[in-house]
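Peer 1: Each chain, letter by letter, is given below.
Number of protein chains: 2
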Amino acid sequence: MLSDVLLVSAPGKVILHGEHAVVHGKVALAVALNLRTFLQLQPHSSGKVSLNLPNIGIKRAWDVARLQLLDMSFLEQGDPTSPILEKLEKLKEVADFPEDCTDHERLAVLAFLYLYLCICRKQRWRAEDLELINKWAFQGEKVIHGNPSGVDNAVSTWGGALRYQQGKISSLKRPPALKILLINTKVPRSTKALVLNVRNRLLKFPKIVAPLLTSINAISLECERVLEEMATAVPAPEHYLALECYRRHGHKSPASGRPNGNRLSLLLQELIDMNQHHLNALGVGHTSLDQLCQVTMAHGLHSKLTGAGGGGCGITLLRPDLTGPEVEAVKQALTGCGFDCWETSIGAPGVSVHTAASLDAPVWQALDGLCAGQWASSS
Amino acid sequence: MLSDVLLVSAPGKVILHGEHAVVHGKVALAVALNLRTFLQLQPHSSGKVSLNLPNIGIKRAWDVARLQLLDMSFLEQGDPTSPILEKLEKLKEVADFPEDCTDHERLAVLAFLYLYLCICRKQRWRAEDLELINKWAFQGEKVIHGNPSGVDNAVSTWGGALRYQQGKISSLKRPPALKILLINTKVPRSTKALVLNVRNRLLKFPKIVAPLLTSINAISLECERVLEEMATAVPAPEHYLALECYRRHGHKSPASGRPNGNRLSLLLQELIDMNQHHLNALGVGHTSLDQLCQVTMAHGLHSKLTGAGGGGCGITLLRPDLTGPEVEAVKQALTGCGFDCWETSIGAPGVSVHTAASLDAPVWQALDGLCAGQWASSS
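Top line first, the protein sequences correspond to chains A and B. Taking the numbering used here as reference, the numbering of the first sequence is continuous, increasing by one, and the terminal residue is 379. Taking the numbering used here as reference, the numbering of the second sequence is continuous, increasing by one, and the terminal residue is 379.
The hints are simulated quantities; they were obtained by calculation from the structure and are not laboratory data. We treat Cβ as the ideally placed atom computed from N, Cα and C, and that holds for glycine.
Interface residues of chain B toward chain A, partial, derived using beta-carbon atoms under 10 Å:
hint, residue
1, K204
2, I208
3, L212
4, S215
5, I216
6, L267
7, D273
8, L279
9, L282
10, G283
Sequences are here, hints too, so could you generate the full structure?
Peer 2: Right under this line is the structure:
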């Protein structure tokens, strides 16, 4: 069983609406991005399994033969969502930590070993398994962020789109797979400082900022409603015909006779614009983000910052009526500003098992080139 | 008495905060601008008094001798704020309208004759006289705008700064005379269409837009509070010393030890920024206004649209710590964008009587050049 190649991936995520407001009890929408972290599992010819997490500087190896000799039946004992402390104790023996190993490394390695051994036993996960993966991922988040909301690991586990408010997370039913650009302005910022700035502004101007947060909350809820309407709106063939017709005649937003799918895309654009202005009013904008919005607007596309703001990343909605050359033109304009730019889609599937044949060639080549025959984590 | 030269002026106005929100019952702040419309009153050598309103194409003349022969005592009868219908009837005889005279022209000429004859009788106005002037100005507004709020005529009559909400107008006590730039983007727009757009957006996204209007209302109230605090804050000499020190060392916004007057200016800047973002979120922004804001921000100055938006005019706050060359630089940058730009101040006096000697040379020259010996209206 351990000799099979196993490929798994999990999506990245962006906040669609509600960043910053979420800190003050408002709704946030997080969506899985089809920019995925891939994990390739394959035994060494040396008979060792190596863990290589280049981003956090971990490189460890274990004898596969020794792992196979161990009694792993304890992993199947009890409810998979029950506390796993006892299992962890047994796994620590397997991990064989050196004396100088930090807690940070211990946790990452334990998470790896646990998931590795479970993944090797299963090709398809039950809801309980996903819960467990999510909990482990949350532990990883805690190590890195200190006080994570739990949204990031949840959206990477379940994919799609999640609504988060005051610790409660729920999935949107059938979120549409919308195309977006994810743009990195490469302007560094401190999330902690930006969150503090918003809090200070709320304290300084409570009667101005509190209704602004209420408005952002309403944007998140309206976006959720539109995404769910999109999922149920089966586009009629004339939808695409009509869109094709708009393109040919250069009409970007016809005043009447607009098909439903396009009407919903235009609604999403309005929500994006309003929220971007709101985030500016909260003081988390940046000239690089203004530039990003202007450049995409010059191509008729609507953008907002995503996450902390003050630089960082932005997202641009790619309406379904856009042609390939139109998308290429805006990407070129953005990279011309010095930004990094990825064309991807939201509402992506959560953590998944792959066969090599099902992967796109570039992903496969990247995995193959990175560290063939090893565990590889690439983002 | 009619042989004396009489010079009067009234200020222009800008909305400081609350445009659009005011249509939905929120507070607006209007301030008198020290960009004034001058009126020069001087008898013809021909013995005629001519009315020349070049902006609205009116040119009429009356014999001064004939006017002097008329019994004008009716103008003093009754309460000056009482209905003036009876007086108007008598004035119509004086005006001697031709058959083809439009209602528009009739009203303008009647307003002129009434004010002309009253102004000639008085050099200083009582509160009741100002009420009357304001009412006449409001009639003029009605002719031009259809359904005016009454703010424009009120602020031009009383000057200073006014708070307006749902038909109620009140004056701010001692508003400070803050320097601003008034910038005309020269992008034409329809106020009516923009007001309708905001109404439609409110109907489309009530839960998003209503709190936004609440936030704008709070900005107007906070601005009112800051302006009143500015009026009572007598700047200490060290204030100016400190500002001079910041200038020399290139510190635009020192983190601590900031003098009170500067602290209040910085507050006003924050309110300007937030409202500009809010107006963008209402959909009444324009790329020309974005450019205006960016150009002034590049000089460390904060701007917002004023009035209807969608182009039109913007205002830029000129902090008291700015030097002449700094102001000149930003003006040059703005005119370089093709904008018209006036350096002026807000909180200007209302309608005023002048002596020629009290006027600045450029104003005097403009009046003299426009139509010496005639009634002149120039803005």
